[in-house]
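**Q** Sequence:
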Amino acid sequence: MRRVAQKDQAALGELYDRFAGVLFSVAVRIVRDQWQAQEVLQDVFLQIWERAADFNPLAGRPITWATVITRNKSIDLLRKQKRHTEFLEKLHGEETVAARHENTSARDGAVSREMTEVTVQALRELGEDQRCAIELAFFGGLTQAEIASKLGQPLGTIKARIRRGMLHLRTRLEEKQLSPQSFEQ
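In the numbering used here, the protein residues as written are 243 to 427.
Hints listed in this document are in silico derivations from the structure and should not be mistaken for laboratory results. From the three backbone atoms N, C-alpha and C, an ideal C-beta is built for every residue, glycine too. It is possible that some hints are incorrect.
What the hints assert, rightly or not - Below, a list of computed lysine-lysine pairs in the DSBU-like style, where the Cα atoms sit at most 30 angstroms apart: (1) K322 - K392; (2) K324 - K401; (3) K392 - K324; (4) K324 - K249.
Said to hold, decoys possible - Simulated restraints on C-beta separations: (5) G369 - E417: 12 to 22 angstroms; (6) R321 - Q251: 10 to 20 angstroms; (7) S391 - Q251: 12 to 22 angstroms.
Please work from the sequences and hints to get the whole structure.
**A** Below is the structure:
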């Protein structure tokens, strides 16, 4: 990350090679569209390039930081699409929106299983409580407070479940997908 912060393009390329698969999987899982996930991934690496100097190694690992950026960018895209869809519904009625949705759904089927296999397997290994909390947060776009309310659990319990689950996921993804050197960039 220090090299990326110094605008070393080769370092950004190395970071991309190491993280792109996992980050793409996160984006696809949230936006449910391969093409839009690629757009999210591009935005994520642009933000990493522009804000690498803001990365704090004491706060977490680069993959964790990049995953949070990916989640946020994906949720932002969904919110933008929702506003756009609502506008179209008002402007053109339901038929226009339905036709556009059919085209998007056809592309959804083209998502590569290979890119998400590692992430899905790691999620399956989590306990039900941790997996549910993480899926609601990262794939459902809910805040921790919203998750606590929805599940009828204390906020501290939800935070602990997400934290423990994320630590487990990080360990499993490091073992299956990423080399230890990927976190030294």
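**Q** Which hints, by number, does the structure contradict?
**A** 4, 6, 7
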